[in-house]
Amino acid sequence: MQRLSHLDDLEAEGIQVLREVFACFRRPVMLYSIGKDSTVLLHLLRKACRPAPPPLPLLHVDTTWKFREMIAFRDRVADHGDVRMLVHVNQDGVRQGISPLTHGAAVHTDVMKTQALKQALDQYQFDAAIGGARRDEEKSRAKERIFSFRSAQHRWDPKQQRPELWRTWNTQLRTGESVRVFPLSNWTELDVWEYIRRERIEVVPLYFARERPVVERDGALIMVDDERFVLREGERIEQRRVRFRTLGCYPLTGAIESDASSLDAIIEEMRASRSSERQGRIIDHDGASSMEKKKQEGYF
Amino acid sequence: MAAALLRFITCGSVDDGKSTLLGRLLYDAGMLADDQLEALRRDSTKRGGAALDFALVTDGLDAEREQGITIDVAWRYFHTARRSFIVGDCPGHEQYTRNMATGASQVDLAVVLVDARKGLLPQTRRHTYICALLGIRRIILAVNKMDLVGLDADVYASIVEPYRAMAATMGIESVDALPVVAPEGDNVGLRSTRMPWYQGPSLVELLESMDAEVAPPQHFRLPVQWVNRPDQHFRGYAGTVCGGRVAVGEEVLVQPGGQHARVERIVGSSFDLAEAFSGQAVTLCLDRELDISRGDVIAAAAQPAPVADQFGCHLVWFGDAPLLPNRSYLLRLGTATVNARITAIKHKVDVNTQAPLAARRLELNEVGYCNIDLDRPLAFESYADNRELGGFILVDRQSNATVACGMLDFALQRANNIHWQHTDVDKSTRALAKGQQPLCLWFTGLSGAGKSTIANLVERKLAAQGFHTYLLDGDNLRHGLNVDLGFTAESRVENVRRVAEVAHLMVDAGLVVLVCVISPFAGERDFARRRFAEGEFVEVFVDTPLADCEERDPKGLYAKARAGRISNFTGIDSPYERPAAPELHLNTEGQRAEQLAEQVLAYLQERLG
Chain A
1 MQRLSHLDDL EAEGIQVLRE VFACFRRPVM LYSIGKDSTV LLHLLRKACR
51 PAPPPLPLLH VDTTWKFREM IAFRDRVADH GDVRMLVHVN QDGVRQGISP
101 LTHGAAVHTD VMKTQALKQA LDQYQFDAAI GGARRDEEKS RAKERIFSFR
151 SAQHRWDPKQ QRPELWRTWN TQLRTGESVR VFPLSNWTEL DVWEYIRRER
201 IEVVPLYFAR ERPVVERDGA LIMVDDERFV LREGERIEQR RVRFRTLGCY
251 PLTGAIESDA SSLDAIIEEM RASRSSERQG RIIDHDGASS MEKKKQEGYF
Chain B
1 MAAALLRFIT CGSVDDGKST LLGRLLYDAG MLADDQLEAL RRDSTKRGGA
51 ALDFALVTDG LDAEREQGIT IDVAWRYFHT ARRSFIVGDC PGHEQYTRNM
101 ATGASQVDLA VVLVDARKGL LPQTRRHTYI CALLGIRRII LAVNKMDLVG
151 LDADVYASIV EPYRAMAATM GIESVDALPV VAPEGDNVGL RSTRMPWYQG
201 PSLVELLESM DAEVAPPQHF RLPVQWVNRP DQHFRGYAGT VCGGRVAVGE
251 EVLVQPGGQH ARVERIVGSS FDLAEAFSGQ AVTLCLDREL DISRGDVIAA
301 AAQPAPVADQ FGCHLVWFGD APLLPNRSYL LRLGTATVNA RITAIKHKVD
351 VNTQAPLAAR RLELNEVGYC NIDLDRPLAF ESYADNRELG GFILVDRQSN
401 ATVACGMLDF ALQRANNIHW QHTDVDKSTR ALAKGQQPLC LWFTGLSGAG
451 KSTIANLVER KLAAQGFHTY LLDGDNLRHG LNVDLGFTAE SRVENVRRVA
501 EVAHLMVDAG LVVLVCVISP FAGERDFARR RFAEGEFVEV FVDTPLADCE
551 ERDPKGLYAK ARAGRISNFT GIDSPYERPA APELHLNTEG QRAEQLAEQV
601 LAYLQERLG
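Protein chains in written order, with the working numbering: chain A, 1 to 300; chain B, 1 to 609.
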């Protein structure tokens, strides 16, 4: 009797979730954040519809503060030609000059990410938005559904989520309601890297260790990616050998010192690692239930 | 990590130390990162404890942290050097039967926790029963808090032996048992040295070596999930194989229709395959063009799946509102979606004792054995043979909530023996003979709203113009056809169903039918609408304020209801759900019945010509 290996099992489940979206929603979209999870998601998307091209567009919510290497990578993906890449920027936020450096992580994330995402979903009238979130990322995500329902105001109500049995999903929506879909729900960070290695998927080079210009700020190593970064008194730029475990807005994303410059080395490092993935994200540390609150407000 | 991914659940109540066991398991597997451990230390101190409170590792949402209970299935991920695991933490209280069923549907193995001091409790029986009901055949029994019974082998044996006997009666094929002390980690990660009388493996060792996967169903089945048709050159049927295997060149059957074809090509996730087996998400191309859509099942031609539209099944009710027999729900089985109604609750099951009990309805978290009727036949398997083609969910048509899960047992013979008899004279022939377009005018509204008065006027005018009509009045029908029905929610559902069926027959006979029933529930009006062809059903909402109805009170019923002499009276102690989008909305305030009847006639003038 043939059985699926661990990664084949997760891959098949992800493909099944994606096909459910193709079949059951009128205007689906895939949220593309350029990171490793989004990259795996795009890989699964291409597999789910073989030999046809993906039947839905990608949407990148650009906060204008992403690493330059991320934007270059995104543009290369768009140039590949098989997917349509939509890019949305909250122009109100740009006009107000919202910046993580002056307004802080919370305001910046709310305006340029959460509000921006709502604007884009409203503008395009998407009824299903596929994201790369995994349940193992954070405590409050452990109970998140694969098909997670949002009210017409994009709010997530933990009490109104539908029980999910087998792989028999309830995809019924009323007008204005939408659903966030997480095909990688059951993947761990290690699964993602092992899959990237097995499938030889290209990821943003920032995941691999290299000498980079960094500043130590509030206990984190912040990479100085462009001239908008203003040094505070006493700070200085150093060249250190670092890499990133997660990618976001560069002033809000802490690097880790590492020598891991290959997939093998990253996986090796992770198996030995004693810190959790989201630790480098400044947005998560505002309070014990900060992620849960952000989700209720519409953060992905 | 060559071993397959192992998915399992843990069942037990907070008091059994389930969260602690799970937290300890993650800790022993080395899955708690330094920053998580730091947070755990901080939180444990905040709760007033000196030792690490492992239960805090797995409690997620704010609400339940405050209540101190877990209310939803939480999924955790961990790995050892030998294997990766996904574990669902299922709340165990009786009011969370739905959550345990949800968790159990995703796995093949359950760890059932028992408090050594308390032994087997009704809840142990309940947890085991729900696991068995959802098809779990392997259980690990963890007897916890052994330190509180002096690490005594006899206490342990007095729990394990009766448990094995009980589990066997429920169809559990294998029970592995072990004694543990969760906070200290005895027999969790490492074998305990404190209980030398137990020589077996630790929990982690057991999980690592467990072959929990039930052998997949034998015969090839692929529920069509999505038809991939990018252009005229390619047409493929995408889905996940849920039984057996299939190879290029083999003959298959498309069900429920029964068309034959050969597999021409199997598109895999990376390249084309010579064959596909259970669990793989693939796309099949067939050697001829057939009309196949989502919900059909492609099956091995030599071993077709049974096809039926009436079944016996177990139901676990999730809805806040009770299950009402004969109400119409959406049913999802595999990839198919159809309309379904429960025609009979044979009995409900006491989840603690498994005793069958008589029942007229099913409430939240209750389990029942029911007969179910679909509006069209589906290819299926009994749940015991194939979870994907035997497990279904019911969705409420109004709220879209998932209100039940069900496990198909077998097709009712009735479906096989009763056939639809074809007749040569059909509706259009009958309508032609009468020179009219058949139609159903459905008057809904509160008691005393004026439904019958208006409908009576409309029928008189129509009859005068030569139309063949009939007026079905709810009150009158209760003297005959519906004489056995009362006014409870269940009876109202059945009342409206019967009226809708009679109206349907009359429209089929070519008549213009006027129906006057309160029909307070949107669900039943929707059911009635779907019994008719597009455009044949005209919902007329006779909208009279409750105060006006009460003032008129033509039958003296409101006075009786207010006096408490009759109960379940619509508008007083039973709800009226206003139609959202009726074809005609008659606002009766300040209007005479004649004027309102004219509005109806004006509308019909356009429709009937």
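Quick caveat, the hints were computed from the structure, so don't treat them as lab data. Note that the structure is predicted; figures quoted are calculated from it, not measured. Hints may be right or wrong, so weigh each one.
[As the list claims (entries may be wrong)] Over 10 Å on every C-beta distance to chain B, these chain A residues come out as not near it, computed from the model:
| id | residue |
| --- | --- |
| 1 | L10 |
| 2 | E11 |
| 3 | D191 |
[Stated by the list, open to error] Here are some of the chain B residues that sit facing chain A, going by a computed Cβ distance under 10 Å:
| id | residue |
| --- | --- |
| 4 | H219 |
| 5 | S270 |
| 6 | A274 |
| 7 | A384 |
| 8 | V395 |
| 9 | R497 |
Here a beta-carbon is modelled for each residue, glycine too, at the ideal position from N, C-alpha and C.
Checked hints:
1. L10: Given that some Cβ of chain B is not farther than 10 Å from that of L10 (chain A), nearest at about 7 Å, it is violated.
2. E11: Non-interface label fails for E11 (chain A): nearest chain B Cβ at 6 Å, not farther than 10 Å.
3. D191: 7 Å, violated
4. H219: Given a least distance of 14 Å, the restraint on H219 (chain B) is violated.
5. S270: Cβ of S270 (chain B) sits 7 Å from chain A, so the hint holds.
6. A274: Violated, because the Cβ-Cβ distance from A274 (chain B) to chain A comes to roughly 13 Å (cut-off 10 Å).
7. A384: 14 Å, violated
8. V395: 5 Å, holds
9. R497: Violated, because the Cβ-Cβ distance from R497 (chain B) to chain A comes to roughly 22 Å (cut-off 10 Å).
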